[in-house]
Every structure is written in structure tokens, then in C-alpha cells.
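Number of protein chains: 2
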Amino acid sequence: MHKYTYFEDFRVGETVEIGRHEISEAEILDFAGKYDPQPFHNDPERAKSSIYGGLIASGWQTCAIAMRVLCDGYLNGAASMGSPGMEEIRWMKPVRPGDTLIIKRTIEEARPTSKPDRGLVLSRTDVYNQRGEHVMMMRGYGLFGRAPVASPAAGGSAG
Amino acid sequence: MHKYTYFEDFRVGETVEIGRHEISEAEILDFAGKYDPQPFHNDPERAKSSIYGGLIASGWQTCAIAMRVLCDGYLNGAASMGSPGMEEIRWMKPVRPGDTLIIKRTIEEARPTSKPDRGLVLSRTDVYNQRGEHVMMMRGYGLFGRAPVASPAAGGSAG
Chain V
0 MHKYTYFEDF
10 RVGETVEIGR
20 HEISEAEILD
30 FAGKYDPQPF
40 HNDPERAKSS
50 IYGGLIASGW
60 QTCAIAMRVL
70 CDGYLNGAAS
80 MGSPGMEEIR
90 WMKPVRPGDT
100 LIIKRTIEEA
110 RPTSKPDRGL
120 VLSRTDVYNQ
130 RGEHVMMMRG
140 YGLFGRAPVA
150 SPAAGGSAG
Chain H
0 MHKYTYFEDF
10 RVGETVEIGR
20 HEISEAEILD
30 FAGKYDPQPF
40 HNDPERAKSS
50 IYGGLIASGW
60 QTCAIAMRVL
70 CDGYLNGAAS
80 MGSPGMEEIR
90 WMKPVRPGDT
100 LIIKRTIEEA
110 RPTSKPDRGL
120 VLSRTDVYNQ
130 RGEHVMMMRG
140 YGLFGRAPVA
150 SPAAGGSAG
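These protein sequence lines are chains V and H, in that order.
Numbering-wise, numbering that gives the first Met the number 0 puts 70 at position 71 of the first sequence, and it's gapless, one number per residue.
Numbering-wise, numbering that gives the first Met the number 0 puts 155 at position 156 of the second sequence, and it's gapless, one number per residue.
You may find that some hints are simply not true.
What the hints assert, rightly or not - Just so you have them, the derived chain H footprint on chain V, three or more residues with Cβ under 8 Å:
(1) 7–13
(2) 28–35
(3) 39–51
(4) 77–85
Unchecked claim - Restraint ranges, calculated between C-beta atoms of paired labels, are given here:
(5) Glu108/V / Ile50/H: 20 to 26 Å
(6) Glu132/H / Tyr3/V: 31 to 37 Å
(7) Asp116/V / Lys2/H: 34 to 40 Å
(8) Asn75/V / Ala146/H: 27 to 33 Å
Hints are computed from structural coordinates only; laboratory data are not their basis.
Just so you know, even glycine gets a beta-carbon here, dropped at the ideal spot from N, CA and C.
Chain V extracted, bound-state conformation (with noise of 0.2 Å):
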């Protein structure tokens, strides 16, 4: 079990492999279904006739089981607060039934606010399928709380 992150735990310039998903036809057909039906996305007949040749996962999909990845890899083990928002997201190549993401954070900067309770985080997420090909990468800011500061009494000895 990893240690709770707090804001202070970040380290810049750090590349860490946070886990792996393997995405089925009937994660990206619920998806898609639900969100993003388009032929290419939600019905694989028509996807056979697109300009992709067969399905694909939807990119929100995609960033959504990175989130899903983060989320069990470090976020619920850490004092995440959410997000004001994403920089950029590059759709690379499709992902298609059976492929295996393969998701990777990068933490390219962190810095205070102007709230002393908490600081911003601006991570950078790869993701690669099983033949190591670049899929999509997104960049976007987290915030998190900081640490506890010990009391001048903790450790100490008060009585």
C-alpha cells in the first residue's frame, strides 16, 4: 500500500507507470451507447465502412479509463480536491476492442495558491496500447491538500 500523497509529494520531472486496462467491445458499445453514438463508436457494421475500417473506443472513453486508472492507482489514495481543467488531449491512434492501455503520469509542474490549504499540480497523462503505440496523451491541472504541519508540541515531550 502506497503512502497518502499529499501536494508536497509530487516530485517535477517524474514519469511513473500508474496501471493497465483492458478495454472490450461491450465497455466501448456502453460507452458509446451512452455518450458518443456515432457508427464508428457504437455499431460495429457500420464501423467496418468508416474511414477507421472497424470500431473504435470513443476519446472520451479513453480519458475516462485513464481517470478510472489514475483513480485507483494514486487520486483515492490521495487528498485530490478535482480539477479546474485540461491544457490539451491528442488523440493519437484508435483503440480498439481487446487493447490493453498502458497509462503513464508525468508531473510537469506544482506550485502554491493563493489558499494556503492546497497547491496546483499540472500532470501530463500517456497513454499506450500493448504494441506500445502512443494513443493519446493529455495535460491538465489537479489540485491537492497539503500536508499536515506538525504542531510545535507534536513529538515533543508536552507534559
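Could you slot chain H onto chain V? The hints should help.
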């Protein structure tokens, strides 16, 4: 029914309301359980003690709902060929159960690509809630097929 939309049909500078969607607590919990299981997205009780004071939708779900509204509103009646990426996303205000999301689209740029059969359209999507608050903004590119060119013989008296 709208006419089928090709690259040539986009008007730079035009803003239109594409559609609306009321988001339920069940939808928020369904998405968060699969893709963004942070306590303020997937646990109504724990969300109360977060900085948001109650359950809020994942920002990725707001993107996904906007995508669905865009599909229903025009993309599925257009020569849509997918997207290479997004230039920015801003999550400005929380989205809460029962909110009605109003999706507006502005065309910022439309230009041909090196491939003669398609063009690139930069559009901005603004999402407001039922109180008129601007909750999200995203800007990104979409690829669209070009309108078929009538052959010289078409419409003439060829025989």
C-alpha cells in the same frame, strides 16, 4: 429534420444552442462508479464533507454528456470523421444532481486539410446550468467530410 452537414456548412462565428440534458443522481453515480470513483463523485454521504459540500458529477461526465447532446443535435446527421484532440477544457462550476445542462456551440475556425475529402473545424462548446451559470467550456477540433461536388453532367440534359 436538419439537412446533412458537411464541412462547407459550418459558419465561423455562429453560436447556436444544440440541446439540453437533465442529469440525475443515478447517472452521476453510474459514471463515477465506472470511471471516476472519487468520494465527491460516487458517495453522497462522504461528498457532504468534501470542499464541494455534496455530490458533483465528474468533469469527464460533463464532457461526455455534452458529446451526447452534440451527437443527437447534429453530429449524427453530419459527415463527422472523429477528432484529433481538444485544445482546452475548463470546469468552472460543479454540476449537481437535477441540474439541467444547456449546450451551446460556436464555430471558431474551418479550414481544408491536405486530404481533399475532409476539413478541420475548431468549435467551442459552452455548457450552462438552469440558473445561467457557465459550468464548462471546451474547445477542440473535429474532422468533417466535404460536400460531394456535382459532376458537370449532373442536372444538365445529358442525352
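Consistency of the hints with the structure:
Counting residues of the stretch 7–13 of chain V whose beta carbon lies closer than 8 Å to any beta carbon of chain H gives 0, which falls below the threshold of three, so the coverage claim is violated. For the stretch 28–35 of chain V, the stated coverage by chain H is satisfied: 4 residues place a CB nearer than 8 Å to a CB of that chain, which reaches the threshold of 3. Judged by the Cβ-Cβ criterion of 8 Å, the stretch 39–51 of chain V is covered by chain H as claimed, because 4 of its residues qualify and three suffice. Judged by the Cβ-Cβ criterion of 8 Å, the stretch 77–85 of chain V is covered by chain H as claimed, because 7 of its residues qualify and three suffice.
Against the hinted window of 20 to 26 Å, the Cβ-Cβ separation of Glu108/V and Ile50/H comes to about 22 Å, which satisfies the hint. Taken as a hint, the range 31 to 37 Å holds for the pair Glu132/H and Tyr3/V, whose Cβ atoms sit roughly 33 Å apart. Taken as a hint, the range 34 to 40 Å is violated for the pair Asp116/V and Lys2/H, whose Cβ atoms sit roughly 54 Å apart. Restraint check, Asn75/V to Ala146/H: a C-beta distance of roughly 49 Å breaks the suggested window 27 to 33 Å.
Against the hints set out earlier in the document, violations occur for numbers 1, 7 and 8.
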